[in-house]
Every structure is written in C-alpha cells, then in structure tokens.
Amino acid sequence: LLELARREKTDVHETFRAITEAGAVVLDVARVSIWQLCGDRNAPGWVQEARLVCDDLYLLMERKHVSAGPIHGRDFPTYLQATHERRTITADDARHDPRTSEFAEFYLKPLGIRSMMDVPIWHRGEVYGVICFEHVGPFRQWRAEEQDFAIIMADIASTSLEAAERLSVDHRWETAIETVTEAVALFDARGTMVHCNEAARQYVDLAGGRSQEGAAATIEFVDAADRPIPPEDWPFQRVLRHEKVQGEIYGILFKTTGERRYVRLSCSPIIQRAQIVYVALVLLDATDEMHVERLKRDVLSTLAHELKTPLAIASGYAQALDSSSELPATARPMLDAILRACDRLDHLSQTVIDLASTMLGRLRLTRERVDLSELLLSVVRRAERGAPNHRLKVTIGEHIPVIVDCTRIAQAMRQLIDNAIAYSPAGTTVDVELSTHGDMACLAVRDRGIGIPAGAQRNTFRLFFTAHAGTEHENGGLGVGLYLAREIVRRHGGDISFESVEGEGSAFYMTLPREGAP
Amino acid sequence: MTAPVLIIEDDEALRELLQMILEAEGFSVETAANGKEALERMMDHPPSLVLLDMRMPIMDGWQFCHELARRGGPKPPIVIVTAASDPAARAREVDADAWLTKPFDHTQLLSLVRRMSHVDCGSSRRRS
Numbered sequence: 001l002l003e004l005a006r007r008e009k010t011d012v013h014e015t016f017r018a019i020t021e022a023g024a025v026v027l028d029v030a031r032v033s034i035w036q037l038c039g040d041r042n043a044p045g046w047v048q049e050a051r052l053v054c055d056d057l058y059l060l061m062e063r064k065h066v067s068a069g070p071i072h073g074r075d076f077p078t079y080l081q082a083t084h085e086r087r088t089i090t091a092d093d094a095r096h097d098p099r100t101s102e103f104a105e106f107y108l109k110p111l112g113i114r115s116m117m118d119v120p121i122w123h124r125g126e127v128y129g130v131i132c133f134e135h136v137g138p139f140r141q142w143r144a145e146e147q148d149f150a151i152i153m154a155d156i157a158s159t160s161l162e163a164a165e166r167l168s169v170d171h172r173w174e175t176a177i178e179t180v181t182e183a184v185a186l187f188d189a190r191g192t193m194v195h196c197n198e199a200a201r202q203y204v205d206l207a208g209g210r211s212q213e214g215a216a217a218t219i220e221f222v223d224a225a226d227r228p229i230p231p232e233d234w235p236f237q238r239v240l241r242h243e244k245v246q247g248e249i250y251g252i253l254f255k256t257t258g259e260r261r262y263v264r265l266s267c268s269p270i271i272q273r274a275q276i277v278y279v280a281l282v283l284l285d286a287t288d289e290m291h292v293e294r295l296k297r298d299v300l301s302t303l304a305h306e307l308k309t310p311l312a313i314a315s316g317y318a319q320a321l322d323s324s325s326e327l328p329a330t331a332r333p334m335l336d337a338i339l340r341a342c343d344r345l346d347h348l349s350q351t352v353i354d355l356a357s358t359m360l361g362r363l364r365l366t367r368e369r370v371d372l373s374e375l376l377l378s379v380v381r382r383a384e385r386g387a388p389n390h391r392l393k394v395t396i397g398e399h400i401p402v403i404v405d406c407t408r409i410a411q412a413m414r415q416l417i418d419n420a421i422a423y424s425p426a427g428t429t430v431d432v433e434l435s436t437h438g439d440m441a442c443l444a445v446r447d448r449g450i451g452i453p454a455g456a457q458r459n460t461f462r463l464f465f466t467a468h469a470g471t472e473h474e475n476g477g478l479g480v481g482l483y484l485a486r487e488i489v490r491r492h493g494g495d496i497s498f499e500s501v502e503g504e505g506s507a508f509y510m511t512l513p514r515e516g517a518p
Numbered sequence: 001m002t003a004p005v006l007i008i009e010d011d012e013a014l015r016e017l018l019q020m021i022l023e024a025e026g027f028s029v030e031t032a033a034n035g036k037e038a039l040e041r042m043m044d045h046p047p048s049l050v051l052l053d054m055r056m057p058i059m060d061g062w063q064f065c066h067e068l069a070r071r072g073g074p075k076p077p078i079v080i081v082t083a084a085s086d087p088a089a090r091a092r093e094v095d096a097d098a099w100l101t102k103p104f105d106h107t108q109l110l111s112l113v114r115r116m117s118h119v120d121c122g123s124s125r126r127r128s
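Chains as they are written, first to last, in the working numbering: chain S, 1 to 518; chain Y, 1 to 128.
Looking at chain S on its own, in the form it has when it is part of the complex (with noise of 0.2 Å):
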C-alpha cells in the first residue's frame, strides 16, 4: 500500500497494474480488475446505450495481466445501474445477488466465481467506474477492513486520473507559454525566478541571473523617456506593495553587454491566503516600437522647430510692413490675413513641439510662485482680443497663490478658454470662474455651447479626438488641445474634468493644488 501512496500516479495505465496486482494478492481475490463507465448516462435510456470497457484485469493464479471485452448495459442492465448508484456493491453471493445475478450463467458459473466486490472509482465528482475483486471458491463474506482496503485502492485509482489529466493541462499550459513570443516568468516572493518560457530565457541570459537582487547588479530599469527608475520602484516591488503593472513601456539596461531593450510589461500577484506567494511578469519586446515611435515623435518635433524660423521672418516682415506709413488701404486686408496665418502656423508648430515633448517624457516645467488670479486674468484679455463676439463673464475671489509653470498652466486655462468660444455661438457669454476648495485652486469655465454628443464624451481627452469632426462644428483643430492641457495640469498635480449636455453647453474644470498644499 505505501509502495503503491508512494509511486508516481501520472501513468494510468501503469499504476492500474499496480493497483489491480496489489487488490489481488493482499486481498487474495482471484480476478481484480477496473472498468470504465462509458456512455452518456444524462441521456434518457442511458443504460440500454452505455457500456463498461476493461482498463486492467490481473489473474492471480496466472499472475498475468489481461483484457477483457466489454460489458454492455442492454444485456446486464441492473448492474450498470447499480454501479452508477455509487455504493460498493459487496455480493457475497454473486451468483443470486439481484445486483450481480446477470452475469450468472454466462459469466460467474463457468468462471467458477462466488463472491464480488465492486467499488466505485471517482472522477471529477461523477463516477469513472469500477474496481472488481471477483474471488473463486467458497462463499467469501467481506469483511469491513477488506471492504475499506477496496475503497482506498478506489481512492488510489482516482488520484491517479486527476495526476494524469493535471499533467495533461500542465503540459498544454507549458506548450502555449513555449509557444508565445511574448516572455513568460514566474518568480517567487523573495524574488526568484522559478519558471520561465523560452522567451524569458534570453532574459535571464542577459541579466545573469535569475535572481531580483543578482539582477540589481546587471540591470537598470528607464521609463520610456529614459531616466532611471529606483529600484523600490521597480515593477516586481510594485506588485507586491499591490500597485497594478499592466502593458506598461520600461526600458532595460543590461550592464555587462550595454545593450538596451525596450519592453511593454505586466506582472501580477499569485495570492494565497492573502498573501503574494509567487509573481507572475509577462514581457514584450517593444523595443523596435519604441524606435519607430521616438522616430516619428522626433521627426514631427525637428519639423515644428524648423517652420519656427521661417515663420519668424515671415511674420518678422509681415509685422515691420504693419507699422509702414507707405501701405497701401487695399494691401491692409492682405496684411491681415499673412498676420494670422503666421499665428496658426505658429500655433500648430507649438502644438506639435508640445505633444512630441509630452510623449517623449521631456515637457519639463519651469515653476514658480504666481497669483493664479492674476495669471487668469491676462489669459482672459488675450482671448478676448481674438472672440469679438463673445462675452467672456469672470467671477475672481481672493487671490491664489501657486506654485506652477505660468507659460504653462496659462496655455491650459487658454485652451479651456478657446474650446468655450470655439464650440458656443456668436452673441453668447463664457462664464469663466475662479475659486478654491480646500487645498485645490478650481477654475471653470461654462458655455451655452453645442457641448459635446454623449457618445463622444468618453474619449473628450483622447489623442487627435475631435468630438465634432466632420459636423459643420468642425473647426480644423488636431485634437491635441485637451491632451495637452490634462497632460500639464497632471503634472502640476492637477487635473481637469467636464460636463456637458449635447445643445445646451459645457462646464470643464480645472483644478491645481495651492501652495503649501500636501
């Protein structure tokens, strides 16, 4: 029995051997053998249909191991049933047992058998089948510690099948994670790797190691902008303060080769019994991504800076012919028209230096203490030298000191400002309001405006989204705008947030924590 608790189950088939072989002799029963229960037994009739198939048959007298042909339920019918009934069956007299008598003429009397034990086998909560101790001679009365041995060996057959079939399930998990090209590691909470694809093996081979503290020494971690990350920052320390890390870009600096990868990151908990028992890191090379992403970013950006010069001279001339006496009433109007080109080009070439410093991690923020009233208030007379026909009402209290970057926080509250005029008729007010909660400075700006369509409002901060593209309140912007703001007051600690009813108007707010806030 401890040879049999002992042995490796995965193998069916052999540890049925083993099992029917060891029946036999500790039990001393002639013939012991295990049956599988095929057929769809929720089928009305089930039995008429189903059939019980031989795994294993050991004859002790012969000490061979051999097949049986099947049993089918149309011809022993009680029995079939009485074995999905999930009780032992123990038939001292199997011959005149109700339960066994089917087999008597054709099965018990030429086989010489008197007794049989039959019990079920379990498997996934239904039953697989029978193991059958069929003893040859005399009337046998089973005894309760020969009905119990008979159990365990049931029990052992059915540890045996969940072995092979965890087997079977690991091995189609283990075969889909070789499989992928994305890199699959396990580590274990103090930070060992203790699983891993063969993706994650060129890691491994990189780093040196498969240890978190072996790879402190070969490997740096970069945010996609390239700085540094601090190692308590890093993914699998965040994982197991419970932060979450999914798709996110690092960059990975291998120390001993110098080389650098690019890689888009998830990593996990395994919890049990609340506690992070292993980490789950699943990697993908994001590394020519990254290239071509940076690539594009830098070209756009090289671009912008480079309209910036000859916008300069055009604008340059354009204003010194301005403020010429010697211009002529008729070249005024053309004039004009140069002159605010030139500010939507300058405008668009900024957008785009903006957006490629924001992506790239390089908007860099030059703070310093202002009164946010103050800095509203010029942002609200340069708009309105440029919306004639807009009213722009501004309720200011106190004054607000910050700490920010005015160029900055004041192109944000402009972009609110401009959306407001932009998207609301001619005639009407923008209600422009500056206040403070608590430790939060709130400024928000209200339009009797078109708004913006309920469908469009969950992507209102998305990248290149214009609510109103291709409706006639399209009006030509990239749809950088809001990004843009979000991006500055988020870094300032801020955010911004709106409401808006399609044909009545919007209200976006803005807030920024004051100085001296936590």
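Hints may contain errors.
Which bits of chain S does chain Y cover? Going by a derived footprint, with three or more residues having C-beta under 8 Å, they are [claimed, not checked]:
#	stretch
1	138–148
2	336–350
Computed footprint of chain S on chain Y; a stretch qualifies when at least three of its residues, placed anywhere within it, have a C-beta under 8 Å from a C-beta of chain S [unchecked claim]:
#	stretch
3	3–17
4	56–67
5	102–110
These are calculated hints, taken from the structure and not from any lab test. Cβ coordinates follow ideal geometry from the N, Cα and C atoms, glycine included.
With chain S's structure known, arrange chain Y on it following the hints.
Only chain Y this time, still in chain S's reference frame:
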C-alpha cells in the same frame, strides 16, 4: 559711438530682419552667421548685447557660449533666440540672460534689447 548689438544667426533673411528692426530704432548692429564668425567680430567691436541663435553650422550657440566662458574677460549680456518649447531651461543651459521665442513680436524684441543693452552699459561702467 555706442557699442553695437551683435546678431548671430545663420539664416540670412532672419538676420537681415533683426538688423532692419534694430537699425530702424537707432541701434548700431553687427552681424555674424555663426559662433566662430561672432567671436572674431567681437574682437574688433565688443558688443553691448548679443542676440544668439542656437542651432547654427560651424559653431552653434552652445559652443559659442562655452568658448566665451572659457576665454574669460567681460561677457556681454546674451539673449538667445530659440524655437525651443522650454526657452527658460535652454537659457539656463548656456547661462544666457534672457530669451526670445521664434516667431517674435517686434515690440517684445525692442523692449528686451533696450532693457538688456542698458543693463550692459551699467555693468560695463562698474567694471571700468
């Protein structure tokens, strides 16, 4: 004669525009197409103020400032003319005194030049 404003800019049209605006307001102007040329010009005509483009061939704005610092001696106020989105940071990088972003406003340019060249007169007097 007052010390000139030195315009260092590789783009000829922009250089001429700056020269035109400043001369129209009575400033004396010297020009150079890159940092190397500017250093030579400065030997003969020490400027009251430098308007400096950053991206130029032969010797760019960074190299020019570095070379000027290396040589020591009196340093004129420097205003960088830049398309950078963070002009303040760019100015700090080269220890410039002020910045002007491209494209610029004439009034903004003139008030900056007036203020900065005036500052220089004061500091020159202090040095002498």
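A quick look at each hint next to the structure:
With 0 residues bearing a CB less than 8 Å from a CB of chain Y, the stretch 138–148 of chain S misses the requirement of three and the coverage assertion fails. Remark: the stretch 336–350 of chain S is confirmed as covered by chain Y, as 3 of its residues place a Cβ nearer than 8 Å to a Cβ of that chain, reaching the required three. Interface restraint, the stretch 3–17 of chain Y with chain S: holds (4 residues with C-beta to C-beta distance below 8 Å; minimum three). Counting residues of the stretch 56–67 of chain Y whose beta carbon lies closer than 8 Å to any beta carbon of chain S gives 0, which falls below the threshold of three, so the coverage claim is violated.
Check result for the stretch 102–110 of chain Y against chain S: holds, 5 residues qualifying (beta carbon to beta carbon below 8 Å, three or more required).
Figure legend: structure checked against the earlier numbered hints; hints not met, in rising order: 1 and 4.
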